[in-house]
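Based on the provided sequences and hints, a complete structural model is requested.
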Amino acid sequence: MKLSQDNFKKILLPYFPDDNRLQKFWWHKLIRIITIIVSATSIYTILWMITLFFFLPKSWMDSPLYSPIYHASYLLAYIPLNITSILSRFPIYGVLFRSLLPVPIIGPVAFIFVLIGVIYFFPSLLYRLSLYLYHNFHSKKVKIIFFSILLVLGLFVFRVWKYQNLISAGSIIADQHCLKVNPLVIARKNNYIDSMKVLLASGSAEEYWAENDKYLDNSKKYIEAEKTWLIVQKTYMDSQDFKTYIPSYIQEAAKYQYESREAEMKSTSTIVELLENYKDIDAEKQKALSDTIMEETDKSNKAYDKYNKIYDENQGHMGLLNYFTIVPQSACPEENFNIPDVNEFLNPQAPINANGFNS
Numbered sequence: 001m002k003l004s005q006d007n008f009k010k011i012l013l014p015y016f017p018d019d020n021r022l023q024k025f026w027w028h029k030l031i032r033i034i035t036i037i038v039s040a041t042s043i044y045t046i047l048w049m050i051t052l053f054f055f056l057p058k059s060w061m062d063s064p065l066y067s068p069i070y071h072a073s074y075l076l077a078y079i080p081l082n083i084t085s086i087l088s089r090f091p092i093y094g095v096l097f098r099s100l101l102p103v104p105i106i107g108p109v110a111f112i113f114v115l116i117g118v119i120y121f122f123p124s125l126l127y128r129l130s131l132y133l134y135h136n137f138h139s140k141k142v143k144i145i146f147f148s149i150l151l152v153l154g155l156f157v158f159r160v161w162k163y164q165n166l167i168s169a170g171s172i173i174a175d176q177h178c179l180k181v182n183p184l185v186i187a188r189k190n191n192y193i194d195s196m197k198v199l200l201a202s203g204s205a206e207e208y209w210a211e212n213d214k215y216l217d218n219s220k221k222y223i224e225a226e227k228t229w230l231i232v233q234k235t236y237m238d239s240q241d242f243k244t245y246i247p248s249y250i251q252e253a254a255k256y257q258y259e260s261r262e263a264e265m266k267s268t269s270t271i272v273e274l275l276e277n278y279k280d281i282d283a284e285k286q287k288a289l290s291d292t293i294m295e296e297t298d299k300s301n302k303a304y305d306k307y308n309k310i311y312d313e314n315q316g317h318m319g320l321l322n323y324f325t326i327v328p329q330s331a332c333p334e335e336n337f338n339i340p341d342v343n344e345f346l347n348p349q350a351p352i353n354a355n356g357f358n359s
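Residue numbering for the sequence shown follows this note's numbering, starting at 1 and increasing by one per position.
Be aware that a few hints might be false.
Unchecked claim - Calculated cross-link-like contacts (lysine-lysine; reagent style BS3-like; alpha-carbon spacing at most 27 Å):
(1) 214 / 180
(2) 214 / 227
(3) 279 / 162
Unchecked claim - Pairwise CB distance ranges (calculated):
(4) 243 / 126: 36 to 42 Å
(5) 57 / 128: 41 to 47 Å
(6) 150 / 224: 46 to 52 Å
(7) 122 / 240: 53 to 59 Å
(8) 196 / 328: 36 to 42 Å
(9) 158 / 114: 25 to 31 Å
(10) 54 / 243: 50 to 56 Å
(11) 239 / 70: 44 to 50 Å
(12) 156 / 196: 53 to 59 Å
(13) 121 / 251: 38 to 44 Å
(14) 294 / 224: 19 to 25 Å
(15) 294 / 152: 53 to 59 Å
(16) 288 / 243: 57 to 63 Å
(17) 106 / 178: 37 to 43 Å
If you are wondering where the hints come from, they were derived from the structure by calculation, not from laboratory data.
These figures come from a predicted structure and were not determined experimentally.
Every residue gets a Cβ at the ideal spot worked out from N, C-alpha and C, and that includes glycine.
In structure tokens, the structure reads:
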């Protein structure tokens, strides 16, 4: 009976310090209780998952009692599974998860079992390490190792924190463009296409100018919205944190994206000027404005091509910090990315230009 109790104690208190001198301290008793709770829920979670995935008959899952029993039985597995759920948001989780998929039979849940195993041993091992440091901190060697590890870990955590802040801020700025600017880009290009449809269908002048007025109105709104966004983006790109912590290839891509959008905005601004004043300006001025439109459009397209090239060349490349940071989910609806292609409308046989900058 004594052997059985000892084994049971070892299971619930894996590698837990068994020192009678510690029994009188309240914090030792508290850590002991925490360790028992963590180890017991970890063991239960693994057994619960094995039963659920490998032994539970499908006919039971179709039973009306399955749902309430499942939710009741899940309660004891809540802590370990939620810890793994939080960790699953980080890219490194996906890398390790995929690496264990080939494991026979338990492949899809192998990494979850590994994580729960780490959780199972973590309180006891952390407590042992803390006691070791406490009892040996007088040693110069221990102090050097401890503070070296603490310094390296602290610097790494600081860099991850800075990088995460930049990712979060950049995601907000990107969403602002998608939510506030993209709808105006879509409306403007649709207005342009509608005006061309009127011309191609030999519609009346009134119909054409009605569509043209809509185009001008949305173009002006777009120009103001894009100017505001470009100021925010430039401030973000010029920040010291961006220059220090963001990888160089992303900085370069951001620069080309900025140049592409700035040139498109200038091109649109010149189009508006030309359309609104074509009656009052001479042929030379009209040509100068037309040349500016072509130059800015060309500049925008070339910058956009460079932006795409950088991301194509670095596709799949992840720096160390990327494995420990989370990219927030975009708040922008998918339809805001569907920008009409003006070139494709005007010439269906022409190569597709993803931006449709020529409007």
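- Below or equal to 27 Å on CA atoms is what counts here, so check residue 214 against residue 227. Given that 27 Å is the threshold and the Cα spacing comes to 20 Å, the pair holds.
- Starting from the hint 38 to 44 Å, judge whether the C-beta atoms of residue 121 and residue 251 obey it. Given a distance of about 42 Å, which is inside 38 to 44 Å, the answer is holds.
- Using the C-beta atoms of residue 156 and residue 196, is the stated range 53 to 59 Å upheld? Since the Cβ atoms of residue 156 and residue 196 sit about 56 Å apart, the hinted range of 53 to 59 Å holds.
- Message: Tell me if the beta carbons of residue 243 and residue 126 are separated by a distance inside 36 to 42 Å.
- Response: At roughly 38 Å between Cβ atoms, residue 126 and residue 243 fall inside 36 to 42 Å, so the hint holds.
- Item | Consistency of beta-carbon spacing, residue 243 to residue 54, with hint 50 to 56 Å | For residue 243 against residue 54, whose Cβ atoms are near 52 Å apart, the range 50 to 56 Å holds.
- Query: Falls inside 41 to 47 Å, the C-beta gap from residue 57 to residue 128?
  - Reply: With Cβ atoms ~43 Å apart, the hint holds.
- Query: Are residue 239 and residue 70 spaced within 44 to 50 Å by their CB atoms?
  - Reply: 49 Å, holds
- Message: Given a hint of 25 to 31 Å, does the C-beta separation of residue 158 and residue 114 actually sit inside it?
- Response: 28 Å, holds
- Query: Should the hint that residue 294 and residue 152 are 53 to 59 Å apart at their CB atoms be regarded as holding?
  - Reply: 54 Å, holds
- Item | Hint check for residue 224 and residue 294 - Cβ pair distance inside 19 to 25 Å | Distance hint for residue 294, residue 224 holds at roughly 24 Å.
- Restraint check for residue 279 with residue 162, where alpha carbons must lie at most 27 Å apart: 54 Å, violated
- Does the Cβ pair residue 288, residue 243 satisfy 57 to 63 Å? 37 Å, violated
Going down the numbered hints, you'll see the structure goes against 3, 7, 16, while the others check out.
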